Every structure is written in C-alpha cells, then in structure tokens.
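K.L.:
Produce the entire structure from the sequences given, and follow the hints as far as they go.
Taken in sequence, the protein lines are chains A and B.
Under the working numbering, the first residue of the first sequence carries the number 1, and numbering increases by one thereafter.
Under the working numbering, the first residue of the second sequence carries the number 1, and numbering increases by one thereafter.
Each statement offered as a hint is correct.
Think about it this way: if two alpha-carbon atoms lie no more than 25 angstroms apart in a straight line, the pair counts; the simulated DSS-like pairs of lysine-lysine are: (1) A/Lys147 x A/Lys133; (2) A/Lys72 x B/Lys416; (3) A/Lys133 x A/Lys156; (4) B/Lys424 x A/Lys72; (5) B/Lys339 x B/Lys176; (6) B/Lys405 x B/Lys430; (7) A/Lys115 x B/Lys438; (8) A/Lys72 x A/Lys115; (9) B/Lys424 x B/Lys78; (10) B/Lys416 x B/Lys438; (11) A/Lys115 x B/Lys405; (12) A/Lys147 x A/Lys130; (13) B/Lys424 x B/Lys82; (14) B/Lys405 x A/Lys72; (15) B/Lys150 x B/Lys168; (16) B/Lys438 x A/Lys72; (17) B/Lys430 x A/Lys72; (18) A/Lys115 x B/Lys416; (19) A/Lys90 x A/Lys147; (20) B/Lys405 x B/Lys416; (21) A/Lys115 x A/Lys156; (22) B/Lys424 x B/Lys405; (23) B/Lys416 x B/Lys78; (24) A/Lys138 x A/Lys115; (25) A/Lys130 x A/Lys90; (26) B/Lys78 x B/Lys430; (27) A/Lys138 x B/Lys438; (28) B/Lys82 x B/Lys430; (29) A/Lys130 x B/Lys438; (30) B/Lys339 x B/Lys168; (31) A/Lys138 x A/Lys156; (32) B/Lys82 x B/Lys416; (33) A/Lys133 x B/Lys438.
Calculated from the structure, these hints are not laboratory results.
As the structure is a computational prediction, the values presented were derived from the model and not from experiment.
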Amino acid sequence: MRRRATTFLAAIACAVLMTPRADAHHSYAMYDGSVYRVFTGVMVRVIPNAAHFEMHFVPLNEQRDALVRDEKGEPLVWVVQMESAAQALKDGITRESFPQGTVFSIGMHPRRDGKPAGDRGQSGLFQCPKGSKPAPGKHCDSVAGAKTFGSGELPKEGPAAKS
Amino acid sequence: MRVSTSSGIVALLLVCIVSGASTAFAQLHPPEVRGLRGAPFPSMNPPPELRSFGEGPRWDGRPPDGIQPLATDMFTSKDFYKDRALWTDVRYWRCNSPRQIADMRSGGAGSSTADPRIGANPPVSARWGDCSKDWPRENLVSPYRFKTAKEHYDALLADARSHGGPTKHTYESMPKWDGVYGEYAPDGRRVWNYSRANQVPTLLSLLTPTYQQRMVQQIYHEGVDAAHQWSASYCWPEGFMRQWATGPKPSRVVVTPEVVLFMGSGSGNMWRVVNLGRSFPLGSNVPQWYGDTIGFWDGDALITWTANVQGWNQHSSWEWSDSLETIEILTPARDAGGKFLGLDWETVVYDPEALAQPVRILWHRNYQASWGTADRLGWSECTRPLYPVDGFATPVAPGQVIQYKVPDMDDRPWSKIWEEYFEKNMDRPKEQLDLGFK
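P.N.:
Written out as structure tokens, the structure is:
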C-alpha cells in the first residue's frame, strides 16, 4: 500500500515536471535546438505578442560598424521568438527598455530551413549601454556597463551544450 | 361615435407624440457639469449624413450648379501626395464624405449596387456630394479645456470628491444597467465617427500632418483604386475606435461593485473592463486592443479613463496612435416616468500624436433587453480571411495557392499594400529606417 502511494506520488511529480511551461503556445519543432547562433544586432522593434514575445533586429557585421544586408542591399531583419509577453515583461523587456536602435546581443536556436529567425532557448540577453557597441567580433556582454535581462549567459556559437 | 373615435385617435397620437418627444429629449442630453462633462452640442447630434448631389448616370462627374471644379481633384490625380495644398478644398473630394468615397462602387459594406456612384468611366466619372452640407467642426472638437486625459480625469475625480464621492456602490445600490443595448440612430443619423456627416477637409483639420496624409492615402486608394484594406477582410483586429463606427460595439453590459464590463461581437469581439477605484498601471504596458480602463462612480454616472491602447486604423476614417486615451462618461437616460431608456455615452478622445486637438463623440446606447431574455452573446473567430492579391482583398478557395507577403502588423500593413501596388509612380515622402548604422 505504501509502495503504491509512493509510486503514485512519483508519477504525479514526474507528470508535473514533464509538463511543458504553461505559457508555451507554439510548437518549436521548426527550430534546431542542437545549435546556437549568437548575434549582436540593432533593434528594429519589440512585438509583445501574448503567446510569444518577438524581437525584430538587424545583425551587425563582424566589425560591428554596419548592418548586415540582403542581396538587394536592404537591412536583413531577423526575428527571435521568446518567452511569453508576461515573462518578458517580468524580465524588464519592453518597448521602452528596447527602443529602436538599441544594440544588444542574444543567442538563438535557428530555424532548420535557414530562414532568418530562431528561438531564444536558454540564452542570456545583454544590452549595450546607449551609444556604445562591442569591439569587433565581441558581444554586448563584453562591454562595460552592459545590462542583462533575465537569467542566462550568452551561449557559444555552435553545438548547444546538452542539458 | 365617429367623433369620439376621431377624438380617441387624436388623443392617442398626442400621447404617442408626447411620449416620443420625452424619449427623444431624454436621450443624448446627459446632465451637464460645466467644464467637465455633458456640454451641449452647438447643433443637432447625431448629425445627418451627407447625400449624393444627384443619383443616376446623368450625374456622373457633374458638379452641382455654381460649383467650379478644380483642374485636378482626387479622381483625376495620379499622385495625391503632390496635391497636399488641395486637400483642404472640398472640391478636391467632389464634396463627398470619406464614407461616400469608400462606397463609390458599392451599396455599402456587404452589398453591391447596380448604380455605382463612381459612374461609367471610373474614377473620373465619380459623382459629387452635396457641397452645402457639413457637420460643424465645433461639434467634433472637445468643448473642454483639458489637454490630456489625465487632467480631465483628475478634474472629474476632484469634482466627485467635492461632494463626497466617488460613490461606493454595493450590489444593492449599484446602477442596474445589466443587459443588451443597441445604437440609438434617430432617422438613421449616426455618430460622426462613421465619417458620413462631414466633408473630408473638416475631418482632416482634426489631424496632425502625418495623420492627415495617412487618412488621405486611405481615401484615395478606396475611391480611385477600389483597393479597400478593411481590417475585418483580412481577419485583422478591428481596433479600439471601431466601437464608434461599424466594428464590434459594447452591446452588453454587466455591472458589479468592482468592475463594469462592456462586451460585444460582430466583425470580431470586444470586451472592456472598467476597473473601479483603481489607478494606472493595471499591469504591464503591453498595448491592449481595447486598452486598460479605470473608473469610478459619481452617483449614477460612470466615469472612466482608458489608456494603453494599440494604435491602429479604421476604414473610411482616421488612424490613431499608441498615445490615444479616452475619457468616457456614461449617464443613464430616463423617460418622464423614470423608465430607464439606456446610456448617454460621452467620449473625449485624446491623442497628441494623431489629433491636432481632442475630439468628442456623444452617442446613446438604448436598452433593449435583459440578459435573461436576449439571445446568447455570440463569439466570432475570424478564420476565413480574404487575402491581398495584387493589392486587392480577394477571396481564395481552399487548396488554391497564392503568393503572400507576410504583413508587418506593427508597421501599418494596409499602407504597405497600397505603397507596393498603387504608388510606384508617386512621389511619396521618404520614410527611411534609421537604426544608427550604415
């Protein structure tokens, strides 16, 4: 009887632990969770969708002095899909804290089909102080006075660490 | 017998006239608190609609007597951006209201017509409206001195406090407004925000230059190109201001001591929650399609302040920005016998980005039925949109493959469609994305 109860409780605990976060509303099957890409870019706009917050940004080149552009010469906008708007706001990520032109760094699991989008995964989010940018090849976490939003570090570019 | 029957009919008619008059008198005349709410309108409200100057093919392109047409007007222009100096002339629009222009080829939303006002040789054959009619601008602008909704709300709250308010209602004392409401439109007259009562320049005069251009862009492409980008066509949200036109309206009311709820369904759904006795912020600053609303009771008047509204547009009318805020004052209208007729609903709209000065709308929601006797409140989920094909809202059959450009919902998607398909040869003022890097 006691063993049965223990098994039952364990099953409940397991079910609770295995349950996806209640604020997940989209499948993430399109993202390649085995790799991270890391960007430093310039904010175009924050889109506080209720289900999944989005940040639209244009990456900076390796020299960190120009926008990455597409074959037509237009700024190449990437979309990073994030947690729910409620969670993002708890972390202080808002339209006001990330106005257009903000320089920031984030990692993401890219789309499997190569389109310019990804999901944040467990990446940290670092904002460069206003008017500053990282040294060539570096990210905002290397800049004095950078601000972090939520938990996590910037991942290394390449295979994601297995959890 | 004959005489007494006639007398009876006359008496009955008199009763009808008197009761009708008292009903009409009670509605749209909220109690005035000088300088704060209920200011009377200088002229008839709701306003009469602008009419076509003439009906039938013989009126195609023909101006009213005594009106000298412009050499270029919107129906002959190839680039409305170049005509900015003409936008303030009613003749540029052939004296049509924005909604008349939207309906140039139809009998109105959802209906076609065998006699379209665009005429036999569109768009140059478009018919004229009545140049002698316009609802006065002083009816549109706020009669109050306040520059912001906060100032207005604070003044209303101070006034309530000056006589012991705000009123704290209990379940027993709270106004019994629960029920189903319709729109009071005597003789078909509707609030001005339908854009049926005004000449275009009068409405443009309410807007800042950027928002004037946006409204002109919409009117031009609806009238000249028949490229209507109506939100409901694409299953896009209708937006806050559509309550005062043909979007989902607050047709249901629920009152509790803590909140007042407004709900409605139609070309989408709307629900608004008036949080009584609270202050901003109510939560995160994510803009809401119907905003965040706080309020209080001053006796049986409900006074509300709405902020944090998502900027958007409504067809045939003006766009609004994320800065839009409203003060709304709801007061019960009763007949001479004290019977509840409905709610006089005064709204003052503040939007320093879009509006040159605050504007005011007064409408009446007439009580129709209790929740217990009305049909269910429907819930609409828009799942079968039209799609923009070559710039035109187009029905697409299941299985059909089309090329579709994903709209940027945060960057005026309706405008991007017009720019791509209808403005290639226009000299549009440039708006560059400046991110601070080359």
